[in-house]
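Mind docking chain A on chain W? Use the hints.
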Amino acid sequence: MRFSPVIAAILLSSAAFAVEPSEMLKDPALEARAREVSKELRCVQCQNETIDESNAEIARDMRLLVRERIMAGETNDQIMAYMTSRYGDYVRLEPRFMPRTYLLWFGPLIVLLLGGWAVTRRLSTRLETATELSEEEIAELARATDHGYPPPGYLHEKSDTKDPA
Amino acid sequence: MTEAAVKKVNRWPFVLPLVVVTVLGGIFVKRLADVEQGVDPKSIPTVLANTPAPAFDLPPLPGRGEALRSEDLKGQVTLINFWGSWCVACVAEHPMLLEIAKSGVVKIQGIAWRDDPTDSLAWLAKHGDPFDRVGQDPRSRAAIDFGVVAAPESYVIDKQGIIRYKESGIITRDKWQNTIKPLIEKLKLEPVNK
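Sequence order for the protein chains is W and A. Just so we're aligned, residue 38 is where the first sequence starts under the working numbering, counting upward by one. Just so we're aligned, residue 240 is where the second sequence starts under the working numbering, counting upward by one.
Next comes chain W alone, as it looks inside the complex:
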């Protein structure tokens, strides 16, 4: 199968970045760190974008500030802490692990456990109701069917016998 140049261009092109070449740091390692931090920060104006991909002016200024702070020798954590102190936990795309977010982090696990518990309960209930019949019930079943009902264990012991009646 041959790709047309247009399809190839679409498939091979990387995502459109908001980061402009003039914003980038000269040191590739530091620039990589800036990108990493930018991808964890939510654009305060556009809500569902990171500042790395947002074209909003404020996002651009936040990107520049991240780079400036990296150049000033701050760690990624220090920069995240600064941004959080200004905009709250809102700016962190990944919620922190703390009492207020326990439900968020453990929620799926709790739902899974509840589901497992419900399934186990249901299955065990079925098994219990399907336990061995009493003598009278066997007798009654035997009366009700043409060939009679094989007593418990009979089929296992005499599996070669086809018709127990």
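Derived by calculation from the structure, the hints in this document are not laboratory data. Heads up, a few of these hints could be off.
[Stated by the list, open to error] If you anchor each label on the Cβ, the simulated ranges turn out as follows:
hint: 1; chain 1: W; residue 1: 144; chain 2: A; residue 2: 338; range: 41 to 51 Å
hint: 2; chain 1: W; residue 1: 172; chain 2: A; residue 2: 268; range: 52 to 62 Å
hint: 3; chain 1: W; residue 1: 92; chain 2: A; residue 2: 299; range: 28 to 38 Å
hint: 4; chain 1: W; residue 1: 143; chain 2: A; residue 2: 294; range: 33 to 43 Å
hint: 5; chain 1: W; residue 1: 134; chain 2: A; residue 2: 301; range: 48 to 58 Å
hint: 6; chain 1: W; residue 1: 66; chain 2: A; residue 2: 303; range: 38 to 48 Å
hint: 7; chain 1: W; residue 1: 155; chain 2: A; residue 2: 380; range: 53 to 63 Å
hint: 8; chain 1: A; residue 1: 335; chain 2: W; residue 2: 153; range: 51 to 61 Å
[Said to hold, decoys possible] Simulated coverage check for chain W against chain A, where a stretch passes if three residues somewhere in it have a Cβ under 8 Å from a Cβ of chain A:
hint: 9; stretch: 91-100
hint: 10; stretch: 123-130
Heads up, the beta-carbon is just placed ideally off N, CA and C, and yes, glycines get one too.
Just chain A now, kept in the frame of chain W:
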């Protein structure tokens, strides 16, 4: 297995979805009602309320008064307003700011956010100038320090330099009369050093 136990197990698959849908529906309706009442779903709660205002030292607009320094504002109640000549909502807010300035209740300090100083000056010449001082914040440094999301945004700062109130968006007459003005008048009665 008793009959009661069997019944209990069989009922849950019907009751549980009903409970979940009812609770979720309740939450959705409440939220929709809130938005209808004027709660902005996009607003971010400020974490800076009742914390010291960030320090800033912003250059003045050329030919218009002195620099805007947080140091100079200590000891007085201040209304800080982030605006820009590019900001459409600021035009709508402006008459209220002019009225507040004229009333003399509080001095308004303007921060020209991400704006060309020439444009800022032209804008003030055209719409009127309610500001005591105006500082330039071309690269959002002060704005990010304050946690500004979008212009206009205003902050009430007390004599100790503590942020006591944030208004995201336009200061309407209603907001001024019923919330901001009473707060400022109360803060003005507080001693400088508590």
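**OP:** Any hints from earlier that this structure breaks? Give me their numbers in increasing order, please.
**Re:** When the structure is compared with the hints, none of them turns out to be violated.
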